[in-house]
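S.K.: Okay, here's what each chain looks like letter by letter:
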Amino acid sequence: MSDIIDFLKNFLPGFGIALSVIGASAVVFPFAMRRLWGFICDRLGPNRVGPQGLLQPFADGLKLIIKEDITPAQANRLLFLLAPAVALTTPMLMQMVIPFSEGYTMVDLNIGLIYVVAVGAFSVLGILIAGWASNNKYSLIGGLRAAAQMISYEIPLILTIIIVALLTGSLSLNKVVAAQDSVWFALVQPLGFIIYVIAGVAELNRTPFDLPEAESELVSGYNTEYGGFRFAFFAALIEWGNVTVWAMAGSTLFLGGWRGPFFGSPFWLGLKVFIMALVVIWFFTTFPRLQVDQLMSFAWKILIPLSLLNLAATGLFIVLWPENFLIPTAILSWSCIALFILFFPGAVKKVLMRKRLKLLAEKKLTALISGTGRGGIRS
Amino acid sequence: MTAAGEITGQDRSMLHLEEMVLNMGPQHPSTHGVLRLVLHLDGEMLISVDPVLGYLHRGFEKLAENRTYLQYLAMISRLDYLSGIFMEWSYVRSVEALMDIEVPKRAEYIRVIIGELNRIISHHVAIGDFMLNLGAVTPFFWVFRDREDVMDMLEMVTGQRMMYNFMRIGGVRWDLPDAFEADCRKFLKEFPGRIDEYEQLITENEIFLSRTLGMGIIKPFEALDYGISGPNARASGVDWDLRREVGYSVYPEFDFAVPLGQHGDCFDRYKCRIEEMRQSVRIVEQALDSLCGGPVNLKLPPMLRPPEGDLYRAVESPRGEFGVYLVSRGGLRPWRLKLRDPTFSAISMIPKLTPGYKIADVVAIAGSLDLLMGGVDR
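Chain order of the listed sequences is A and E. Under the numbering used here, the first residue of the first sequence carries the number 1, and numbering increases by one thereafter. Under the numbering used here, the first residue of the second sequence carries the number 1, and numbering increases by one thereafter.
In isolation and in its complexed conformation, chain E is listed as follows (with noise of 0.2 angstroms):
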């Protein structure tokens, strides 16, 4: 039997194993949310590991066909409520394609810098969860002390700390404001240092490696069958990247690397997530020199009416392609809106990856995929 291995009829028979069902969740202190698990456990080892959906369920699919355009656009950004941004990105894509807005180039700018902070932030959270699940518990305090740095720029620019409402359809709701530029410029200085110091901190600890290096490996062929994207399938070196491959906003006029893991495990997926956070500090550089002037939205009617059709828009989360199917009858309200999260992939992921383990990888394979349950339940 080896550690990723699985168990055997025949050892189970030879051994007269019994089984121990342990109802993990959802209210549990490393679930994140209220993601529940059933472990079938035999002493420490799992046997197999069912993840149980539906307990943060709020009917977001279903809400938006009975708000206006832009009614539904306050409530998106409660979806993945540590990435909210995306959510409204990804939305207000669908709508311009659908209406064939051009947005003003001041606006794409904004969007791509408080995107990247947002998703700097979210990576905060991930991986301060991912090392709470290890049981380390100062990292987490480490990058929530640098997320608040970001936290307090983005309320300067939205208002808001977590739910932003910023976006709107053809631009953004206002402009920056007049301090944030100096804010900005400091905390990308100081940011790559405080990278080097989690590393410090996590990267270098024996400990942490001999928990995470070679643990829960997902082969690129798997993440593309499991529909995993983002940092996950990257760590397992499927070299795709929407910012990349589509180009949508000003990304194409950015110059930024996608970081690629090569073994897909728990080490690769939690390195990823740190280089993004510098790429995200070089790609806010890029576009806070590039800012043009401009009007930052059209002023289109609260009132939309989009011609009748269908289509999918995605933008590339911190989590992964997050994307709205949306479907209009041209009327006020979208006739269908179906979003798809990328947490929900990676959690179909974990009953492939856990069997064979301990109790305590199952946390920490949960913490590497940065599960977050807000997107998952819909």
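Isolated chain A, as found in the complex (with noise of 0.2 angstroms):
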């Protein structure tokens, strides 16, 4: 009897916080993002329910709870249920081991990090039998974009989380936010911080890599089907909750974690995952969508051979000055950020267009057909 109440004294408390961080998560952030992509519309937003439009999420949660409760008649019906707390697994575990505050962590792992890299791994699972119990083929195709892009772009997430592990020395997150008690690691690897940041959005499939839910070609992708409060699961607790699990883990690994000026505390914590958060809906009001063979090849021919290159040679600076690795290293990083926003752009261009004219020739582009020809110029 005592070890279930044990069991429960430890569990009970974590659970709690837990849900309630996703739950905030799921009212705050879309909030944030429809006020701030009505801003960057120039108009104004949900601001009616409410002061300023704030008790919008709410109200939008009370409508979907009380939805009719649909499942496809031909579904499969125990795995089309039981998707969505499949997906809602990965946001719950992973704060497991994220340091809120000084000695607050709810379980200090000494292999947070492999923990963290596990049980995001986890997260591709719920998409994928959401996507294949729909039986619909929107779902399926979605549910399967989702798997083929997670796994690709989990391994720069890796490569790069353990830059981090190089660094600091240890796989304890407590010993990661330590560390970082000088200088943060996205100062001394921005590059790392930047595939971090671009990967996880690919992971977290939200724009420009929101291709498992393409709403222009699939409609709602792996989650068409469902409805109700089982659709705010996904849209809501699912999608925010693993930006935010994404964005404390980022903040834990590269900017200090709960460390800030005058006092440390869940506050800075908070404060860096909003801004990561709020990256992460700025890419969603400016960038288009990539089409599926792009997102593979820019992660297999660009993402990774980077992050690769980026972890030998961190590696090697370890090797080489054991004692102070930091400014080689952020040297290398910076220079290739440099070099990335001088060359990257212009090269893209240039192999688009190559890439352009070999279409044309290909479909053997005659002569141009002329009218009288008054007055027209050429574009």
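Just so you know, these hints were derived from the structure itself, not from any lab. Possibly wrong hints are sitting among the right ones.
[As the list claims (entries may be wrong)] With a straight-line cut-off of 25 angstroms between C-alpha atoms, the simulated DSS-like cross-links for lysine-lysine are: (1) A:Lys-355 - A:Lys-301; (2) E:Lys-299 - A:Lys-349; (3) E:Lys-358 - A:Lys-350; (4) E:Lys-352 - A:Lys-355; (5) A:Lys-350 - A:Lys-301; (6) E:Lys-299 - A:Lys-301; (7) E:Lys-105 - E:Lys-299; (8) E:Lys-352 - E:Lys-219; (9) E:Lys-219 - E:Lys-62; (10) E:Lys-358 - A:Lys-349; (11) E:Lys-62 - E:Lys-299; (12) A:Lys-301 - A:Lys-358; (13) A:Lys-358 - E:Lys-299; (14) E:Lys-219 - A:Lys-355; (15) E:Lys-358 - A:Lys-355; (16) A:Lys-137 - E:Lys-105; (17) E:Lys-358 - A:Lys-358; (18) A:Lys-9 - A:Lys-67; (19) A:Lys-358 - E:Lys-352; (20) A:Lys-137 - E:Lys-219; (21) A:Lys-350 - E:Lys-219.
If you follow the hints, you should be able to join the two separate chains into one complex; please do so.
M.R.: Below is the structure:
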């Protein structure tokens, strides 16, 4: 009996905190997204329910709860009902090892980094189940896209997390935060941080990598058949819960976690999480969606070689200068970023133009047809 | 197998591919109305695409036979609801030509002004929807913000935001309101800057370029074979614009360029529309400058009785050549009215353009062709 009570004593607070963090993120971020998106589109966004529309997410949630719960007739009922619950495990479990503040870690694992990677990889499962069980072709394509995409982008993500482990010399997340006492790893390893952000956005299926739920092609992708509160599970709790834990892990690994000026507290962690989520929203408002093969070639031809080289260089510096490897790492990383900003857009354009001309040659474009030619310009 | 190539029979037998049929539409977020596309898929790859039409059929041609010439005018702008003025324009042109009516000069200028404003808002929707198909959500709202300004002006002139019913046989319904010119000039001054804004957001984006460059190439001769016209054909390098070639209305008086593409891909079709918006601004400016006095319509009796005969008159609508073939047997009603819609030709190109591409490209290509089902299903 006392075992059970002990278990509940340990389990319930963590469960409650994890659930409330996800719930809070599902309330705050969709609202922030809509207002920010409205601001970017030169309109107001939802501002009617409550002061400044603050109660809008609750109204939306209420509306979704009172809707009829529908399971498609031909769906695999058990898996269909199970999928949202499975998908929710990642954001729930990921928070267990995140240090919220000095001494406030739910479970201080000494292999926290490996745990983060392992639990993160779990998130594809729920989406795949949802896509398969819906018995809808759009859902199936969405689920398979998610599987291919998330497995591809897992690799650069893990490679950059290994860099953090190298820089810290430990796999414990508390040690990672402690190691960033003097300088954030995002400043030492900006290349790694940017790869973490890009690969993470792809892991989260957010724009420009939102192929699994590409609205204009697959209606709503893997969650097409979900309605009512199950849809809210996918659209709010799981999506934004995943964004939150990704941002939590990111700020712990690269932005100094809960540490900040004046005092260290969950406040700083929350602020960093919010800013990283705003970056995700900003991507959403600015970018079109990538094509499937472009997505894959971006992961395998650019991100993975780059993060492998980055890992090798960092390892080399640590071997060469075991005492102060941070400075050469930072120099290399920053110069990589500078080179990228200088040359990458131009190189992409050049490659695309060449591809266009090649395709055009294959189509054998013949002479231009001309009308009377009065006043015509060629753009 | 190339990106734009076709899957050969040998490939298929080697890989044991199974074909999946995906029914996209008529209820689908990116078919813009009720286009139904039956996709035959091999994984993500398209083997063939069959457009299925007819979900918006309203019997426009048959209904004309039961309406007087003036009554039908109220209907026809509902055909292609984003560019209603051009539907009315080509219809009144054909009736005027049949009856040999000379339209007052001022009415022609007003027609050009309203028409070019309508072309701008139609291209707004084309670009916004195209970007929405590519997954970019913000450009849609940006163009709709500016579209609203033009809609307000059109409402000021015609009393309607979309279904104008503004053209009359022998002129236009009424004169421009006093406040119109100032509003219009203000808009024309601001608008080129806003087009630059769109281009900053869209044209410079590498993802957009990677999605559109070299995608869905239409050769000039293909465009002619399929009867494609308007910006879609001009993007392929077909130097043909009815405003210039036929020179109807007062267009010969204006100095404007006809933007041409050289590659005929999705990017060129997008870029052609952007440039056409700039040219429309130029035309409206010149038309406002040369606006003369005089009556805006001829007081014709409501019951028109054109002489016996048949003819075809077309205008350059935002989507291409919109034409009306009118047969009169001397009665109060048209004996036969045949409408030629440019989107119908553009849709017939989709099965040829898409095989070998991915699912996402079918919506990109369809978006770049600026399809609008209202005109297709007459």
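S.K.: Against this structure, judge whether each hint is valid.
M.R.: A quick look at each hint next to the structure:
1. Between Lys-355 (chain A) and Lys-301 (chain A), the direct Cα distance comes to roughly 17 angstroms. Compliance with the 25 angstroms bound is thereby established for this hinted pair.
2. Taking the CA atoms of Lys-299 (chain E) and Lys-349 (chain A), the gap is about 59 angstroms. The hint is violated against a cut of 25 angstroms.
3. Between Lys-358 (chain E) and Lys-350 (chain A) the alpha-carbon distance is near 23 angstroms, which keeps this suggested pair within the 25 angstroms criterion.
4. Proximity of Lys-352 (chain E) to Lys-355 (chain A) is assessed by CA-CA distance (about 20 angstroms); at most 25 angstroms being required, the pair is judged to hold.
5. Of the supplied pair hints, the one linking Lys-350 (chain A) and Lys-301 (chain A) holds, its CA atoms being roughly 17 angstroms apart against a limit of 25 angstroms.
6. Proposed proximity of Lys-299 (chain E) and Lys-301 (chain A) is contradicted: the alpha carbons are some 71 angstroms apart, above 25 angstroms.
7. For a cut-off of 25 angstroms, the pair hint linking Lys-105 (chain E) to Lys-299 (chain E) stands: about 15 angstroms separates their Cα positions.
8. Between the alpha carbons of Lys-352 (chain E) and Lys-219 (chain E) the distance comes to roughly 12 angstroms, so the proposed pair stays at or under 25 angstroms and holds.
9. Among the hinted pairs, Lys-219 (chain E) with Lys-62 (chain E) is inconsistent with the structure: their alpha-carbon atoms are about 35 angstroms apart, more than 25 angstroms.
10. A C-alpha spacing of about 21 angstroms is found between Lys-358 (chain E) and Lys-349 (chain A), which places the hinted pair at or below 25 angstroms, so the restraint holds.
11. Pair hint Lys-62 (chain E) plus Lys-299 (chain E) does not hold up; C-alpha atoms about 28 angstroms apart against a cutoff of 25 angstroms.
12. At most 25 angstroms may separate the alpha-carbon atoms for a hinted pair to count; Lys-301 (chain A) and Lys-358 (chain A) meet this at roughly 21 angstroms.
13. Taking the CA atoms of Lys-358 (chain A) and Lys-299 (chain E), the gap is about 60 angstroms. The hint is violated against a cut of 25 angstroms.
14. Simply put, Lys-219 (chain E) and Lys-355 (chain A) have alpha-carbon atoms about 17 angstroms apart, close enough for the 25 angstroms limit, and the pair holds.
15. Between Lys-358 (chain E) and Lys-355 (chain A), the direct Cα distance comes to roughly 17 angstroms. Compliance with the 25 angstroms bound is thereby established for this hinted pair.
16. Straight-line distance between C-alpha atoms of Lys-137 (chain A) and Lys-105 (chain E) comes to about 58 angstroms, which puts the hinted pair past the 25 angstroms bound.
17. Between the alpha carbons of Lys-358 (chain E) and Lys-358 (chain A) the distance comes to roughly 19 angstroms, so the proposed pair stays at or under 25 angstroms and holds.
18. Pair hint Lys-9 (chain A) plus Lys-67 (chain A) does not hold up; C-alpha atoms about 36 angstroms apart against a cutoff of 25 angstroms.
19. Between Lys-358 (chain A) and Lys-352 (chain E) the CA atoms are separated by roughly 19 angstroms; this keeps the pair inside 25 angstroms, and the hint holds.
20. As the CA atoms of Lys-137 (chain A) and Lys-219 (chain E) are separated by approximately 34 angstroms, the hinted pair breaks the 25 angstroms bound.
21. For the suggested pair Lys-350 (chain A) and Lys-219 (chain E), the alpha carbons sit about 23 angstroms apart, so the restraint of at most 25 angstroms is met.
The structure shown violates the earlier hints numbered 2, 6, 9, 11, 13, 16, 18 and 20.
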